[in-house]
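> What follows is the residue order along each chain.
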Amino acid sequence: MPWGEFKDTAAERRLFQRRVVVMLMFVFLLMAGLVARMYQLQVVEHDIYTTLSDKNRVQVQSVPPPRGLVYDRNHELLAENRPVFSVTVVPERVGGMDATLEQLSGILDVSDEDLERFQRRLREPRRPFQEIPLRYDLTEDEIARLAVHRHELPGVEVEAELVRYYPHGELTAHALGFVGRINRKELQRIDPVNYAGTNYIGKSGVERFYEDVLHGKVGYQNVETNARGRTLRVLARENPVPGEDVQLHLDLRLQERAYKLLDGRRGAIVAIEPSTGGILALASVPGFDANKFVTGISVPDYRELSESKDKPLFNRALRGQYPPGSTLKPMLAIAALDSGAVTRDHSIWDPGYFELKTGGRPWRDWKRGGHGWVDLNLAMAQSCDVYFYKAAEEMGVDTIHSYLSRFGFGEDATLDVSGALSGLLPSPDWKRATRNKPWYPGDTINLGIGQGFMLSTPLQLATATALIANRGQWVEPRLLKDIEGDHPVEEFLPTETHEPLKLKDPSDWEFVAEAMEEVMQGARGTARAAGRGASYRMAGKSGTAQVFSLAEDEEYDADEVRERLRDHALFIGFAPVKNPQIAVAVIVENGGGGSSTAAPVARAMFDAWLLEFSETAEGALVSKTDSEKEVH
Amino acid sequence: MAGREVFSSTASNPLGRPRGIWSALHIDPILLFLLVALIFCGLFVLYSGADRNIDVVKAQGLRFGIAFVVMLVFAQLDPSVFRRWAPWLYGLGIVGLVAVMFVGIGAKGAQRWLALPGLPRFQPSELMKLVVPMMAAWYLSRYFLPPKLSRVGVGLVIVLLPMLLIVKQPDLGTALLVGMAGLFVVFFAGMSWKLISAFVVMVSVAAPVMWFFGMREYQKQRVLTLLDPQSDPLGAGWNIIQSKTAIGSGGFDGKGWLQGTQSHLEFLPESHTDFIMAVLAEEFGFVGIVILLSVYFLIILRCLYISVTAQDSFSRLVAAALTMTFFIYVFVNMGMVSGLLPVVGVPLPLISYGGTSIVTLMAAFGILMSIHTHRRMITA
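Chain order of the listed sequences is X and D. Note that numbering that gives the first Met the number 0 has the first sequence beginning at 0, numbered continuously upward. Note that numbering that gives the first Met the number 0 has the second sequence beginning at 0, numbered continuously upward.
Simulated from the structure, these hints should not be mistaken for laboratory data. Among the hints, erroneous ones may be present.
[Claimed, not checked] Listed below are several chain D residues computed to face chain X (Cβ distance under 8 Å; list not exhaustive):
hint : residue
1    : Ile53
2    : Val55
3    : Val56
4    : Ser248
5    : Gln261
[To be verified] One side of the interface only, derived from the structure: several residues of chain X facing chain D at Cβ under 8 Å:
hint : residue
6    : Met22
7    : Tyr48
8    : Arg56
9    : Gln58
10   : Val59
11   : Ser61
12   : Phe117
13   : Leu312
14   : Phe313
[As the list claims (entries may be wrong)] Listed next, with one range per pair, are the computed distances between beta-carbon atoms:
hint : chain 1 : residue 1 : chain 2 : residue 2 : range
15   : X       : Val57     : D       : Phe43     : 26 to 34 Å
16   : D       : Leu223    : X       : Val62     : 38 to 46 Å
17   : X       : Val62     : D       : Ile53     : 33 to 41 Å
18   : X       : Val62     : D       : Ala205    : 53 to 61 Å
19   : X       : Lys54     : D       : Phe296    : 34 to 42 Å
20   : X       : Thr49     : D       : Trp87     : 49 to 57 Å
21   : D       : Trp87     : X       : Val57     : 58 to 66 Å
Quick caveat, the model's predicted, so the values are computed rather than measured. Don't be surprised by glycine CBs; every beta carbon is placed ideally from N, CA and C.
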């Protein structure tokens, strides 16, 4: 104790006690403040924080519906879903993207392509916290290795996903189309709710046209997750409604046969069942493996397909537009008869060439020296050009246009064939509008043998052939045969719009059909070689379309030039003549003569359908409808 | 009541001779009972907060064991020992803090630890929580109270010097506790209200200056985050949002022990250390919080009673300042977890997992028990 000061202990104690009282009040006040704060959070705002806590804890996950399967008419599976394990990355959850990718590359076999595709998808717009696949089709070994390193890789998950698989790859690619990853454009089009868990969408063909039916309805589950987003348990679940299974008119066996018949060549075959309009076969050769496109095709693979001179990605059956050539003659014969331009026994003298009444250059017949005296039946059987030049001149372009449009030329008459083109049915209006030139009489003459401006797809030719087989009764070509479930198939098909083609004398149909029969089985028919020895009657018409030029920038060696400059061989036909079961259009690119190259292909299709497959096909059909009747 | 009897027998011990087992051990049974109750409940909460990791609870139990021994040792010493040692310990502490600046070790950009060869690793700043109030009390109690202005000034220097050294580490939480402990001594010594007002004004002027020149970027961030947690909900605001969510979703009676989703699903960070109060609030609700605060309040009441009944100024000042430091612990931690105060690293006393603070706190209670059990009969 320093000198000069003395302590008053009692006063000090009193001072201290006062201060303690002050502090006690201070403590009490602050504690009351804490209690008030807790009361505010836990009682007053309890509901808000309960919601926040549940939102933290419970996440709504979408459960994508399994895509509907696609069957052929005999319930052969054409498109199914296969579980595929892929490794995905959620960019929002990874620590460092570069480091994560590098580490993953060490664990898995990640190619530069995978990385490139991943980076591309990373830049595309997407839903927040949506996973981006890095690699598909992991092996079990890779899944195990990933599991070991899982804790070091936040945001990286192995996901099992049902991915579309086409067991018949090349055979069905053009007929069915395929699905692929949803792209930027489609993202804006689709319903974001129903597609919340879906990564794939139909890109072409049946997959695209029946997307809504095949996709199904999304399901949901509430899952409890931890702060790192790992799912701990499922709290509630609303199951998705799977996509409807779809049955097509397609017959896989016939489809396979069509591909085999065109193997090694370029061309297309379309076969239609005249009674229903059902497409039995739709082949475009060469094809491609649609499975490659499902998870995203690699750049070199795509380049190989897209740059191939044989154009495997090009759907010749729907989008190949060729001059129909002489295959147009049966439809022109109907037009000529019904319009009164010719009569059945009207005969002309064919000197081997034709001149317009107004003069000018002569049009040659394919047969030098001409056919001599020909009536309509013989003109069809021998494909006499001069007869049809004259008939065309007599009808005039407007009449021809009007009749041919009733056959479905110049339009896409299909009900559910996605991507079918409409060809070109020329008219004076069209020529003025697009070429700014008047319609010359010579243009009509060219049209009379299916040349000139006229273009049609194999599918259009088959449709028009089916119309003749049906004697004027329209059946729009369609792929869908049935959809599983209670709904009748008509609910899913667009409405039919075509009126039947009624002739003044309906027996003209029989006349033309018989003339087409002459082509195949008459003594002088152009395709009698192809029709020889058949146990049924068949009708047909061959055609040859000239190849005008090759694109200038394409390089071919001399042999190839010769090959690629050869005419396209065409053929249309149906069988049997009475009660037709099948109508076919065949085109073999650079195949030469229609009767020598395309007609045997059509004959083989007829044989296959009528003799080889018919019983089982019919039998299956009958027994199925019977059993269905019993159920309902 | 048994407690009341013990209480009165200790209070009216006329000869200062040990009477009964508690006096022989220099233990205040009431305080001991409250502490044990708090620690016992805390271990249950810790088990939940550490996501059922029994090893964490065992480690914490071991720490309490050590801390109890420290408390017992401190309780045996006579308060005069603390007074005599205060200047030396203070000097040692300052040297330690300076040493930390140059040779200290630590993590996350802060140097707090001193590793001297042959000695266990220790934190000089933690020691200062006890030594600074003792030193201030030693200095001020040498003179008559209330202190003259100049002595208040010296007292403040004694407090602020170590505080600044700790701020430099940087360890804002500890600096705050050390500073408060010292300032409480000056307050209890009788610093005039005028001076206190002037001091408050000075601090409020200094705060903006500190903001621009004294505070590190992360410290500023914590304050900004407090004001608007939603500004950075996945970064700095995450802790506050998640802990408020945990507390609020607990409701009146809580989700039940081990049933807290916020902590068990790992949304709540630091759920077994600084933010353990949120686990308690989530699982035991408002009821649990009120009980916890009541226990803390009873401990503070008992300790303030001990300081009021202390027999000399040094003991009074030290006892009251340590009590108030304990309260500051509670208030700052709960204020921070409930989003009233910025996030500073202050544990919830005797419940949060972590070594040093438990030992320091129990040592402080040892000092309080020493003060209470070493009284002699002196008639005024």
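> What hints, given by number in increasing order, does this structure fail?
Going through the list in order, the structure violates hints 1, 2, 3, 9, 10, 11, 12, 13 and 14 and respects the others.
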